[in-house]
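Student: Taken in order, these protein sequences are the chains called A and B.
For what it's worth, this note's numbering labels the leading residue of the first sequence as 1, then goes sequentially.
For what it's worth, this note's numbering labels the leading residue of the second sequence as 120, then goes sequentially.
Simulated from the structure, these hints should not be mistaken for laboratory data.
Any given hint could be a false lead.
[To be verified] These stretches of chain B come out as covered by chain A in the derived footprint (C-beta under 8 Å, 3 or more residues):
(1) 160-168
(2) 230-237
[As the list claims (entries may be wrong)] Output of the computed footprint for chain B on chain A, the stretches with three or more beta carbons under 8 Å from beta carbons of chain B:
(3) 47-61
(4) 105-118
[As the list claims (entries may be wrong)] Sample of chain A residues lacking proximity to chain B, with all beta carbon distances greater than 12 Å (derived):
(5) Glu10
(6) Ser12
(7) Val13
(8) Glu17
(9) Val19
(10) Ser22
(11) Thr24
(12) Asn67
(13) Ala72
(14) Lys78
(15) Leu84
(16) Gly85
(17) Asp86
(18) Phe91
(19) Ala93
Note that the coordinates shown come from a computational prediction; the quantities given were computed from them, not determined experimentally.
Every residue gets a Cβ at the ideal spot worked out from N, C-alpha and C, and that includes glycine.
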Amino acid sequence: AQTVTQSQPEMSVQEAETVTLSCTYDTSESDYYLFWYKQPPSRQMILVIRQEAYKQQNATENRFSVNFQKAAKSFSLKISDSQLGDAAMYFCAYRGRPLIGGGADGLTFGKGTHLIIQP
Amino acid sequence: DAGVIQSPRHEVTEMGQEVTLRCKPISGHDYLFWYRQTMMRGLELLIYFNNNVPIDDSGMPEDRFSAKMPNASFSTLKIQPSEPRDSAVYFCASSLGGGGAGSLSNQPQHFGDGTRLSIL
Numbered sequence: 001a002q003t004v005t006q007s008q009p010e011m012s013v014q015e016a017e018t019v020t021l022s023c024t025y026d027t028s029e030s031d032y033y034l035f036w037y038k039q040p041p042s043r044q045m046i047l048v049i050r051q052e053a054y055k056q057q058n059a060t061e062n063r064f065s066v067n068f069q070k071a072a073k074s075f076s077l078k079i080s081d082s083q084l085g086d087a088a089m090y091f092c093a094y095r096g097r098p099l100i101g102g103g104a105d106g107l108t109f110g111k112g113t114h115l116i117i118q119p
Numbered sequence: 120d121a122g123v124i125q126s127p128r129h130e131v132t133e134m135g136q137e138v139t140l141r142c143k144p145i146s147g148h149d150y151l152f153w154y155r156q157t158m159m160r161g162l163e164l165l166i167y168f169n170n171n172v173p174i175d176d177s178g179m180p181e182d183r184f185s186a187k188m189p190n191a192s193f194s195t196l197k198i199q200p201s202e203p204r205d206s207a208v209y210f211c212a213s214s215l216g217g218g219g220a221g222s223l224s225n226q227p228q229h230f231g232d233g234t235r236l237s238i239l
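Start from the sequences and build out the full structure, keeping to the hints where you can.
Tutor: Here it is, written out as structure tokens:
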């Protein structure tokens, strides 16, 4: 079974600074997707960014970018120019191939990192 | 466009009562997922459906839990009888399958706002 580990229960950063959230995962598959989701106090689950394992280029979405190291099974999230609205729980998630056939499968989540933005 | 709609948003009930959580996926999505979030165990997949058919229910904790998807626009998660340890936030998510036959889907999951369930 796949596992996802987020080793930082909590991180704090000054507004406008850059912060990196860590994520490692364990899998024997070669084809999979990785995601970062944001959960603010409203408890919505908001997709931040996704990475396809077969793509070497790191994904970017505005101020959010990832450092994907497939061999090391590492998938960190970098937030540049941190804003107060970035304060939330951040979850790293893995999705692999279903047991049968193709299509979609459920997500395996890490335990999350609580990001605090200091004004 | 309407997102995934869950109801109720909050549910408080006494131990032993039947609880029914409801979900309406995004129109056109052929996958539906139920997750549970607790402080101790984090976010866990309970069950998911493809084209209304349950595909993987290995995450359902015990026989007290059941899920159905009678049509493409509605799913329920039922707990009977409920216990205090079932208290959690329950999320429903939906996605498109995407990809070709045997291919891995590249479509993200879209989550509802969750139901906070408290069993007294």
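Student: State for each hint whether it applies.
Tutor: Status of each hint after checking the structure:
For the stretch 160-168 of chain B, the assignment as covered by chain A holds, since 5 residues bring a beta-carbon within under 8 Å of that chain's beta-carbons and 3 suffice. A stretch counts as covered by a chain when three or more of its residues have a beta carbon under 8 Å from one of that chain; for the stretch 230-237 of chain B and chain A the count is 4, and the coverage holds. Interface restraint, the stretch 47-61 of chain A with chain B: holds (3 residues with C-beta to C-beta distance below 8 Å; minimum three). Against chain B, the stretch 105-118 of chain A contributes 8 residues with a C-beta closer than 8 Å to a partner C-beta. That satisfies the three-residue criterion, and the hint holds.
Every CB of chain B is more than 12 Å from the CB of A:Glu10 (nearest about 14 Å), matching its label as outside the interface. The claim that A:Ser12 is not at the interface with chain B holds, since no C-beta of that chain comes within 12 Å of its own (minimum 20 Å). Look at A:Val13: its CB is around 23 Å from the nearest CB on chain B, clear of 12 Å, so calling it non-interface holds up. Listed as a non-interface residue, A:Glu17 keeps its Cβ farther than 12 Å from every Cβ of chain B; the least gap is roughly 27 Å.
A cut-off of 12 Å between C-beta atoms confirms that A:Val19 is not in contact with chain B; the least separation is 21 Å. Residue-level check passed: A:Ser22 sits 16 Å from the nearest beta carbon of chain B, beyond 12 Å. With a cut of 12 Å on Cβ distances, A:Thr24 stays outside the contact zone with chain B, its closest approach being about 15 Å. Under the 12 Å C-beta cut-off, the non-interface status given to A:Asn67 relative to chain B holds; the minimum distance is some 20 Å.
With a minimum CB-CB distance of about 21 Å to chain B, A:Ala72 clears the 12 Å threshold, and the non-interface call stands. Non-interface status of A:Lys78 relative to chain B is upheld: no Cβ of that chain comes within 12 Å, the nearest being about 20 Å off. Every Cβ of chain B is farther than 12 Å from the Cβ of A:Leu84; the closest lies at roughly 22 Å, confirming the non-interface assignment. Against chain B, the non-interface label of A:Gly85 holds: every CB pair exceeds 12 Å, the least being about 18 Å.
The Cβ of A:Asp86 lies farther than 12 Å from every Cβ of chain B, with a closest approach of about 19 Å, so its non-interface assignment holds. Listed as a non-interface residue, A:Phe91 fails to keep its Cβ farther than 12 Å from every Cβ of chain B; the least gap is roughly 7 Å. In this structure A:Ala93 is not separated from chain B by more than 12 Å, as the shortest Cβ-Cβ distance comes to only about 8 Å.
Checked against the numbered hints above, the structure violates hints 18 and 19; every other hint is satisfied.
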